[in-house]
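S.K.: Residues per chain, in single letters:
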Amino acid sequence: MTCLPAHTDKKLGLVIDLDTCVGCQACVTACKEWNTGGHMAPLTDIDPYGAHVDGVWFNRVHSYEHTTEMGGRTVNFPRSCLHCETPACVTVCPTGASYKRASDGIVLIDESKCIGCKLCSWACPYGAREFDTDVGVMKKCTLCVDRIYNDNLAEEDRVPACVAACPTSARHFGDLDDPASAVSQLVAERGGVDLMPEMGYGPTNKYLPPRAHTQRAASVPAKALEPVRAEGGFLGWVDRMLSN
Amino acid sequence: MHPAFSVVFFTTATGAGYGLLALLGVLGPLGFIAPDFWPGLVGMGLALGLIAAGLLSSTGHLGRPERAWRAFSQWRSSWLSREGVSSVITFIPAGLFGLGWVFLGRTGGWVAIAGLLAAIGATVTVCTTGMIYASLKPIAQWHSRYTLPAYLIFATMTGSVLLNALLQSFGVGSMGVLALSLLATLTGWGWKLATWRYNERLEIPTTANTATGLAGGTVRSLEWPHTEENYLLKEMGFRIARKHSAKLRQITQALAFGLPILLLILVFVAPWPLAIGASVLAVIVQFGGMLVERWLFFAEAKHTVTLYYGR
Chain A
1 MTCLPAHTDK KLGLVIDLDT CVGCQACVTA CKEWNTGGHM APLTDIDPYG
51 AHVDGVWFNR VHSYEHTTEM GGRTVNFPRS CLHCETPACV TVCPTGASYK
101 RASDGIVLID ESKCIGCKLC SWACPYGARE FDTDVGVMKK CTLCVDRIYN
151 DNLAEEDRVP ACVAACPTSA RHFGDLDDPA SAVSQLVAER GGVDLMPEMG
201 YGPTNKYLPP RAHTQRAASV PAKALEPVRA EGGFLGWVDR MLSN
Chain B
1 MHPAFSVVFF TTATGAGYGL LALLGVLGPL GFIAPDFWPG LVGMGLALGL
51 IAAGLLSSTG HLGRPERAWR AFSQWRSSWL SREGVSSVIT FIPAGLFGLG
101 WVFLGRTGGW VAIAGLLAAI GATVTVCTTG MIYASLKPIA QWHSRYTLPA
151 YLIFATMTGS VLLNALLQSF GVGSMGVLAL SLLATLTGWG WKLATWRYNE
201 RLEIPTTANT ATGLAGGTVR SLEWPHTEEN YLLKEMGFRI ARKHSAKLRQ
251 ITQALAFGLP ILLLILVFVA PWPLAIGASV LAVIVQFGGM LVERWLFFAE
301 AKHTVTLYYG R
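Sequence lines, in order, name chains A and B. Sequential numbering from 1 applies to the first sequence in our numbering. Sequential numbering from 1 applies to the second sequence in our numbering.
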C-alpha cells in the first residue's frame with residue numbers, strides 16, 4: 001500500500017555531523033559493498049572501466065564551499081534517503097512497490113512490484129532514489145534493514161554500513177522518535193536541522209551544522225621572511241659564483 | 001527534467017484523443033453532429049486510436065513494462081494509478097458510444113448516456129494526467145496552478161481542431177466547431193504565455209542553503225560525488241533545451257497557435273476544397289507544435305536535486 005501509515009512505532013534514521021565529516025567517501029564505498037549483496041542487490045555498475053562510468057549508489061558525498069561574513073569553509077555533505085515522515089515518493093507509486101514501514105518508519109521498495117516508471121524519483125526533492133537501468137527498477141537506501149535487525153551480526157555491528165565505516169564518527173544511527181535516544185540528544189544539543197524543511201516532507205534524518213568559527217586560533221599569518229642579506233667574504237664569493 | 005519522447009508523445013496524443021472523444025460524446029448526443037457512418041467511424045477511430053497509441057507509448061519508458069498491470073492498484077494515493085484506472089474505464093462507455101453511432105446510426109437514448117459518460121471519463125483522465133505533474137512539489141514549474149488547466153485547455157484545443165478537420169473533410173463542417181477550435185487555440189496561446197510569464201517570475205524558496213542545511217551566505221558546489229553524469233543528472237539535470245528555450249518558444253508559438261489560427265481563419269472564408277486542406281494542415285501543424293511545447297514543458301522544468309550539483 002502506498003498510503004502512508006498514520007503512526008510509526010519508531011523513527012529510525014541517521015544524524016550526520018557536517019562538522020566532522022572529512023569527505024573520505026568511506027561511507028559511500030561501505031554502503032556500496034554491503035548493499036550490492038543486500039536487500040536491494042545488485043547495485044549495478046554500467047561501463048565501470050569505460051569513459052562513461054555510471055551506476056547505482058545509495059549514498060553520495062558532495063563538497064561545498066560555504067562562505068559567510070565569518071569566512072569561508074569547505075563542507076563535506078553526505079546525501080542519502082532521509083526516510084521522510086510524509087514521503088511523496090511512496091504516495092506517487094502506482095503499483096504499491098514503494099512503502100513506508102509502520103514499525104520503524106523505513107522507506108523501502110519491493111523490487112518485484114516496481115515497473116520502473118521513475119515517478120518516485122521525480123517526487124523526491126533530495127535525489128535519494130536511483131534507477132537501475134540494467135534491472136529496470138528503482139533502488140534506494142534501505143537503512144541497512146538487513147544489518148540493523150540481523151541476529152547473525154555482533155550487536156555493535158547492527159548499524160547501517162555507512163555508520164559502521166565512518167572513521168570520524170560523523171554518522172549516527174538511532175530512533176529519532178525517542179527524545180532520550182543518543183541521536184535525539186545529539187540533535188537537540190547541536191541544533192540539528194532538516195533539509196529543505198519548506199518542502200514539508202518531514203525528513204527523519206537530521207544534519208548537524210558545522211560548529212561556529214572560533215577566534216581561538218591565530219588569524220594573523222606568520223611573519224614574512226626577511227630578504228637574504230648580501231654576504232661578504234668567502235661565502236659571499238661562493239654565492240656570487242653559484243648565482244651566475 | 002529529461003523529456004522522454006515516449007512521455008511527450010503520450011501526453012500530446014492522448015490529449016488530442018480525449019479532447020476529440022469528449023467533444024464527440026457531448027456534441028453527438030446534443031444533435032450538433034449527425035450520426036452518420038463515416039464521420040462516426042473515422043472520428044471514434046481517430047480518438048480511440050490516438051488514446052491507445054499514447055497509452056502504449058507511455059509503457060515505452062517503463063523499466064519493466066510487463067508489470068504495467070500493477071499500476072491499477074494504488075488509485076487511493078497515486079495520480080498515475082488513477083490515470084491508468086480512469087483511462088481503461090473510459091474505454092467502456094467510449095466503445096459502446098462508438099458502436100451505437102457507427103453501427104446503429106443513433107446518438108440518442110442509451111448511446112447518448114454512453115457518450116456523456118465517455119466525455120466525463122475523458123475529462124477525468126486528462127485531469128489525472130495534469131495532476132501527476134501538478135502534484136510534484138520538487139518541480140516548481142509544474143507544481144503550480146497553471147498546470148492542470150493547461151492540460152484541459154490543450155486537450156480541448158487539439159481535440160476541437162481535429163474535430164473541425166474531420167467534419168470539414170466529410171463536408172459537414174460546422175461554424176460552431178470551427179469557432180470553438182479558433183477560440184480554444186487563442187485560449188491555449190494566452191494560457192501558455194501566462195504560464196511562461198509566471199515561471200519567469202517564480203521565486204523558489206528552496207535554495208542550495210536549505211538543501212544543505214547550511215544557513216546564511218553562499219553555498220557553492222566544489223566537487224561532485226562522481227565524475228560522470230549519473231541517473232539524477234541525466235533524468236533531472238537535463239539542460240539542452242534551456243540553452244535554446246527562446247527559439248523553441250517561438251517555434252511553439254508559431255506551430256501550436258499562430259499558424260493554426262491563420263489556417264482556421266482561412267477555413268471561414270475559403271471555398272470547399274481549400275477549407276479541407278487548411279483544416280487538416282492546422283491539425284498537423286498544431287500537433288507538431290504541441291510536441292515541441294510538451295518537450296519544453298519537461299526541459300524547462302527544474303528539479304530541486306539540481307541544487308546539490310550547483311546547476
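To be clear, the hints were calculated from the coordinates, so they are not data collected in a lab. Any given hint might turn out to be false.
Derived contacts from chain A toward chain B, CB cut-off under 10 Å, selection only [unchecked claim]:
id: 1; residue: T36
id: 2; residue: G37
id: 3; residue: Y49
id: 4; residue: P78
id: 5; residue: L108
id: 6; residue: Y126
id: 7; residue: E189
It should be emphasised that the depicted structure is a prediction, and the values quoted were computed from it without experimental measurement. Glycine residues also receive a C-beta, built at the ideal position from the N, C-alpha and C atoms.
S.K.: Hints first: check each against the structure and report whether it holds.
M.R.: Now for the hints, and whether the structure bears them out:
Given the 10 Å rule on beta carbons, the hint for A/T36 is violated: about 16 Å separates it from the nearest Cβ of chain B. Restraint check, A/G37 versus chain B: the minimum CB separation of about 21 Å is more than 10 Å; hint violated. This hint is violated: A/Y49 has a C-beta 12 Å from the nearest C-beta of chain B, more than the 10 Å allowed. Because the beta carbon of A/P78 sits about 9 Å from the nearest beta carbon in chain B, less than 10 Å, this interface hint is met.
The interface hint given for A/L108 is violated, since its Cβ lies 15 Å from the closest Cβ of chain B, which is over the 10 Å cut-off. The beta carbon of A/Y126 comes within 7 Å of a beta carbon in chain B, closer than 10 Å, and the hint placing it at the interface holds. Nearest Cβ of chain B to the Cβ of A/E189: about 16 Å, over the 10 Å cut. The hint is violated.
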